[in-house]
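Peer 1: Construct the complete structure from the given sequences, taking the supplied hints into account.
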Amino acid sequence: MSRFEIKIVATLLGIAVIPLVASVILVGQVIRVSNSVAAGQTQRLSVPLSHAADAYRALFVARRRVFLVSAKLLARDAALLSALGSSDREGLSRRVAELVRSRGFAGLGRLAIRGPDGKVWASAQNGKQYPAARFRDLEVNEPLGGGHLDATFYTPRAPFLNFRALGRAQRAANEITTLRDELSSIYRWVFLIMFGAVLLVATGVGIFVARRTTRQVAVLSGAVQEVAEGDLRTQVEVKGRDELADLARAFNEMVGQLRENRERIGYLEKIGAWQEIARRLAHEIKNPLTPIQLAMQQVHRKYEGDDPRFRKMLDDAHAIITEEVEGLRRLVQAFSSFARLPNVQPEPVDINALLEDFFKSHVEVTQRCKEVRWREVEPVVQVMVDRMLMKHVIYNLVENAVQAAEDAGTSEALEVEISAKRDGQRVTLQVRDNGPGMPDDVRKRIFNPYYTTKERGTGLGLAIVKKIVLEHGGSIGVDSVVGEGSTFTIRLLAVDTELEAATVRTTISRLLRDAPKAEPR
Amino acid sequence: MICGLLLAAVTPARAQTSVVAKRFSFEDRGGVLTISGGFRELFDKHLQKRLRSGFATTVVMRVYLYQQGGGKPIVVRARTLRAVYDLWEQRFVVRFEDRRGRRHRKFLRDGAVIDRLTSLWRFPLMRMAKIARARNYFVAAIVEVNPMSREVLAEVRRWLRRPSGGHEGGSESFFGSFVSIFVNNKVRRSERTWKIRSQLFYKP
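These protein sequences, in sequence, are chains C and U. For the first sequence, my numbering begins at 1 and goes up steadily by one. For the second sequence, my numbering begins at 522 and goes up steadily by one.
In short, the hints are calculated from the structure, not lab data. Heads up, a few of these hints could be off.
Stated by the list, open to error - For lysine to any residue, the following SDA-like pairs were computed, each having C-alpha atoms within a straight-line distance of at most 20 Å:
hint, chain 1, residue 1, chain 2, residue 2
1, U, K570, C, L49
2, C, K360, C, D386
3, C, K72, U, W609
4, U, K627, C, D137
5, U, K570, C, L166
6, U, K570, C, V380
7, U, K570, C, L138
8, U, K570, C, R57
9, U, K570, C, A58
10, U, K627, C, L138
11, C, K119, C, P143
12, U, K570, C, V47
13, U, K570, C, A53
14, U, K570, C, S46
15, U, K570, C, Q170
Peer 2: Below you can see the structure in the form of structure tokens.
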């Protein structure tokens, strides 16, 4: 992992961990406070609950004791003892009934006296109903004289049910207290798990983001290295819409401009060299032409012999030399024109006015084919060009189309269309024809100096065109389909304001200054 | 380091329940393997004292029969005992609940009740026919005293899901549901939990 990646991951971890640690501390504090409050509350509740349970227990014990004592008192009842002792069963029954009905023995529901024989001699109930659902009973047996006393006491069941409910409540309270203590621990565990998950996610996201960023930076770095080594074909893939994507886009544009400038400079250097050769050739060839022609004319004129064969040979030689000298003169003229191309003097020119001017001054070429037409550009677009040189460019392109059609014998059907349109900061000028077109190998070499496929061509016209266009800071290309025609596309700098015009003028000046010097005409 | 500190902060103080080794006797009674034995010493004084409180003491025994080296228990048997001292009648009522159904018995002495709560007497495990010969077996038992009631656990889970008492849903109930998953696994489920393991035995 690179240091840049480590920094990004560490930053993301820091962003994730700091609030989490603060939360852990805060949550811990909240839990402690909450537990303290809850513990106090539980303490306040559990003590009364415990006391209530003790009170119920005391109640049960006391009531039971009361019943036991009551039974003992009943067993000492003098009337009962007397009746039992005298075996007075009627008296015994009467007394038992009195005792059961009397209010002196609370809860006494049934009383029975068994004689020494173990049989019931007398028994009575107080007449009330004691359903088991609502009452609990306590049967007490006490010795009575020679017999026994069986007393059944009843007490409401409600306190027992309440005691049981109290037990359940106490148990639930204890369980909840236990759970509460353990829930604190569970919450901390859950928090730790979430903390771990956040750390993992933050690390993962950090690594992902860092890798993505550094990968993009690494790609750009590699591309810069390639450009530094001179490979101007390098392009980087533009992904996304962030600043890195903008950077990649700007890099590609920059490399594209560098490549274009290098090609422009290379081409201009090549043309400059050819211009120098042309200038020397023109100079070297031009000088002996006139003496050769004069010498030939003199020989031809001075011969006064009557040898018809020699006369014929002399006439032929004179005609050939005169023709060739004329051809050489034209070539020298072309070389000379090529070698002495004027410097670009750019000015803002309305593209419509430029084309209109071209049609006025080059009627001759437009008449050598079926039609040369142009489309007016709307709205008005100004380009920064040397009016004369740019007309020369358009003329050369139209002338080239016409000559190609004438060589192919299709000039009568040739239609040439000149159009222009605004394309951002540039103006695209197209010269399209329906001539014979050209194969791909010709198209690739068409702008090379001295390359021509025409019988009368010098191979300089399109080279001059390209040189002029490049010196305007523009570009030129050609598309062609054999049998269908060719389209030359020129891109020039558009100017809308004076400031832009000044900027473009500066650009062109710099371009001309950097380009190899050509001897001006 | 932070993780370590947090881990230290949240490590529960509750000690792990250790396994107690006990000797039990195993019998073939009418073609059924039974286990007998006790662990009375685990029933501490606090529990003994509470027996006469009048409140119920519940003991849940889960008995697992394992073959030595085997991963899963061959059979699981459970018994629940609930002892209540009736303050009115002044005697203990013990309710037994197992495969044979529910039955009650009354006792006067604490010792008798503790014996019942902490022992297995000819407790049936499985048919002898299903016990392989010359193989080692052992019994493991988990005994819980006063286990957490299901109602309380359910109520706590409900509180976790709805901390504000409102309807379910939202982030707070999501967090609560997440926490409630741990309630089952991490919360102490009873007042006392004993893990007991018998000696190895085999069918001759």
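Peer 1: Give a verdict on every hint.
Peer 2: Against the structure, the hints:
For a cut-off of 20 Å, the pair hint linking K570/U to L49/C stands: about 18 Å separates their Cα positions. In summary, the hint linking K360/C to D386/C is supported, as the alpha carbons are separated by about 17 Å, within the 20 Å threshold. Between K72/C and W609/U the CA atoms are separated by roughly 18 Å; this keeps the pair inside 20 Å, and the hint holds. With a C-alpha separation of about 17 Å, the suggested pairing of K627/U with D137/C holds against the 20 Å cut-off.
For the proposed pair K570/U and L166/C, the alpha carbon gap of about 18 Å is at most 20 Å, so the pair holds. About 109 Å separates the Cα atoms of K570/U and V380/C, which puts this hinted pair outside 20 Å; it is violated. A C-alpha spacing of about 26 Å is found between K570/U and L138/C, which places the hinted pair above 20 Å, so the restraint is violated. As the CA atoms of K570/U and R57/C are separated by approximately 15 Å, the hinted pair is consistent with the 20 Å bound.
The suggested pairing of K570/U with A58/C holds, with an alpha-carbon distance near 17 Å, which does not exceed 20 Å. At most 20 Å may separate the alpha-carbon atoms for a hinted pair to count; K627/U and L138/C meet this at roughly 16 Å. As the CA atoms of K119/C and P143/C are separated by approximately 14 Å, the hinted pair is consistent with the 20 Å bound. A C-alpha spacing of about 18 Å is found between K570/U and V47/C, which places the hinted pair at or below 20 Å, so the restraint holds.
Distance restraint check for K570/U and A53/C: the Cα-Cα separation of roughly 15 Å lies within the 20 Å cut-off, and the hinted pair is therefore satisfied. Restraint check: the Cα-Cα separation between K570/U and S46/C comes to about 18 Å, which is no more than 20 Å; the hinted pair holds. A hinted pair counts as satisfied when its Cα atoms are at most 20 Å apart, and K570/U with Q170/C qualifies at roughly 16 Å.
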